[in-house]
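Add chain B to chain A, keeping to what the hints say.
Top line first, the protein sequences correspond to chains A and B. Each residue of the first sequence is one higher than the last, beginning at -7 in our numbering. Each residue of the second sequence is one higher than the last, beginning at -7 in our numbering.
To be clear, the hints were calculated from the coordinates, so they are not data collected in a lab. Check each hint, because a few of them may be wrong.
The list makes no distinction among identical chains, and a pair is therefore deemed to hold if it is satisfied within one copy or across any two copies.
[What the hints assert, rightly or not] Mimicking DSS-like on lysine-lysine, the simulated pairs with C-alpha atoms at most 25 Å apart in a straight line are: (1) Lys58 - Lys185; (2) Lys216 - Lys185; (3) Lys185 - Lys136; (4) Lys155 - Lys226; (5) Lys216 - Lys136; (6) Lys58 - Lys105; (7) Lys105 - Lys221; (8) Lys155 - Lys90; (9) Lys105 - Lys136; (10) Lys20 - Lys245; (11) Lys185 - Lys105; (12) Lys13 - Lys155; (13) Lys62 - Lys35; (14) Lys62 - Lys136; (15) Lys35 - Lys226; (16) Lys90 - Lys35.
In this text, all values refer to a predicted model and were calculated from it rather than measured experimentally.
There are 2 protein chains.
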Amino acid sequence: MMIEDEVPNERVTMDGVQIAKNITEGLKTEIERLQNRFSTTSKPKLLCINVGNRIESRTYTSNKQKACEKIGGLLEIINFEETATYEQIAQTIEQANKDDSVNGILVQLPLPKSLNECSILDLISEEKDVDGLTSINIGRLTTKGRSTTFYPCAPLAAVLLLKNYGIEISGKHAVVIGRSNLVGIPLLMMLQKENATVTLCHTYTHNLREFTRNADIIAVAVGKPGFLKEDMVKEGCTVIDFGINVVPDNSEKGFHLTGDVDYNSVSQTANYISPVPGGVGPMTVAILLSNLVLSWKQTLRL
Amino acid sequence: MMIEDEVPNERVTMDGVQIAKNITEGLKTEIERLQNRFSTTSKPKLLCINVGNRIESRTYTSNKQKACEKIGGLLEIINFEETATYEQIAQTIEQANKDDSVNGILVQLPLPKSLNECSILDLISEEKDVDGLTSINIGRLTTKGRSTTFYPCAPLAAVLLLKNYGIEISGKHAVVIGRSNLVGIPLLMMLQKENATVTLCHTYTHNLREFTRNADIIAVAVGKPGFLKEDMVKEGCTVIDFGINVVPDNSEKGFHLTGDVDYNSVSQTANYISPVPGGVGPMTVAILLSNLVLSWKQTLRL
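Okay, chain A solo, but in the shape it has when bound (with noise of 0.2 Å):
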């Protein structure tokens, strides 16, 4: 007879296609009832700043404008050549900045090494940085009594799959790998707001497995496929993966991507994992939107 503390644990596979998909079926909804209300054919509009032609650069930037077109706003994208000086981004940051009808700007990142990626960040107003990376947004975040504008899409996009799955934060210990400003150190952040006890490990962590095995939800952001694997995590975690990792294969396109974390077998000890692709990855871009339309609500109301 099995008793009811038999039952194995629920495995679940987090779904963030389909969160995403809630995400901006509202954004949509809400975007034509203000539109409605305020008699007003006014849309939110992000401009997005590329340098260079990275593909991958290019690939997010126009995946972005299909998403946000999706939702009925609108995408301009600006491209610099790979040359491009300082001077000339940050002039076309301060005009949108100045741009009332611009609501939100993005720098698409990496940008050229020749170029100070946190200076051209930083030149963004607060109110319309709607990646949540400038250092004032990043500042808000970090301590309280302060209200953030815009919260960094990734990290937040992990703190919503943990929320619509039920997952308790508060109390619990977060592992977060990596700390990048995008990933890694904003999350950290915003877990402990969260009221989790946190921990951020990184290249110089010494015996990682023996913070990874004592965390209730581990987030890895390293950019190393398989990095995490089953021996590092304990029994009914949760484990958010941050990877895109590109692994040639002999498929038609020749590639696929995977995350983090060894799906297979961490799949097997925690009891909420979320999937690359199809986890935080949609959800991102989701976010993204979401943080547009804030922008745009705000000036709706003036």
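Just chain B, lined up with the frame of chain A:
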């Protein structure tokens, strides 16, 4: 016969008073040197805004004034009534931002509850934020690739204390207890920038002892006398105590100051421990002055 391995570990009480003295003496010399070099009578000037009649605040402000004058700087105190409005304080800060003779602006915390502390702090221009507590300075501190204008004084005191005693931070596990904007949060970020694996513990942390017993470095800023006890730390660790707790006693003064660490017991197990008083406290004022002189030097070079 005693072999080398059996030599008991040295127990060291870290002397913040001596380091503070070294810093301030260095600053005094530096100011004189620059005044001679630039043939100027200009002095580093700190504007200190004090609101209300809290005795501690008045004492802290007056201590800073004495210390500032000792190195050859100026500290001007502007006192506001408890009932001062946001607008009144904002006007003073904005004037001081524009005043070339003012090199640093400091708002003595805590402010009366009727005032929004963060909004007031964020009025201080980044270049004069010698306390390092504005959103933009915290954002710069938190992320990679940005230069920090001013580090918050108390956390920098801790990092300097560790460095002064040759305590390795890189690759070590540092546990920070308490997540205030002034201490816990910026210290966490500074320790990870020094390549420590960092854990932030707080009131929602379960099994705090499990975290602290695994820590190489423990920093406590919780405002509870004797909070960290011997059974919570591992042999040979380093403990930094940020507590400043007033404990009533039968002495002439009627009270004494004590930290958040049960010093007598923890000092038997930790290799390095910062005492209260005499640890990070005196260093904090020295570092504030060091930030002020840094700001003044920028002005001289214009």
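Please list, smallest to largest, the hint numbers that this structure does not respect. Going through the list in order, the structure violates hints 1, 6, 7, 8, 10, 14 and 15 and respects the others.
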